[in-house]
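Generate the whole structure from the sequences, applying the supplied hints.
FYI, the numbering for the sequence shown is 1 to 123, going by the working numbering.
Keep in mind that the hints were calculated from the coordinates and are not lab data.
Result set (BS3-like, lysine-lysine): computed pairs, CA atoms no more than 27 angstroms apart in a straight line:
hint : residue 1 : residue 2
1    : 117       : 86
2    : 105       : 66
3    : 105       : 118
4    : 118       : 86
5    : 66        : 118
6    : 105       : 117
7    : 86        : 66
8    : 117       : 66
Since the model is a prediction, treat every value here as computed from it, not as a measurement.
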Amino acid sequence: TPDAPWYDPIHGQIEDIAVAAGINYTLPDAAPGPDAAAVADAASMSDTDRTAMIQTMVDGLEARLKTDGGPVEDWSRLITSLAVLKDMPRANAAYAAAQAAFAGKPGDLSALQAAAKKAGLAP
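In structure tokens, the structure reads:
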């Protein structure tokens with residue numbers, strides 16, 4: 001996670017290591033998130049309004065991934081977010097779609113499996 005003490009030193013070397021290995025790799029942009037004002041606004045919302053706001057954000061992520069695809073981190077975020085919202089049928093569907101999207105990529109499938117486990121989905 002970005003707050004881990006080892007994150008910055010390792011993150012800063014990923015592209016250089018890829019080049020040294022002969023791989024053309026560019027780190028993806030950071031996932032968009034709410035700014036401080038949006039977080040403060042959310043804190044003052046009723047539980048119903050806050051849940052509706054979160055649902056809208058999750059729906060947007062799901063729509064983008066279905067249309068454009070995305071990195072395994074975004075799919076993992078969708079799976080766990082749907083589970084937090086207690087929408088297990090959609091979480092399972094997202095997990096299945098992600099597994100299909102990353103078939104043949106063991107590292108990505110492992111990350112998805114970890115997200116599914118965290119979300120409480122059956123392996």
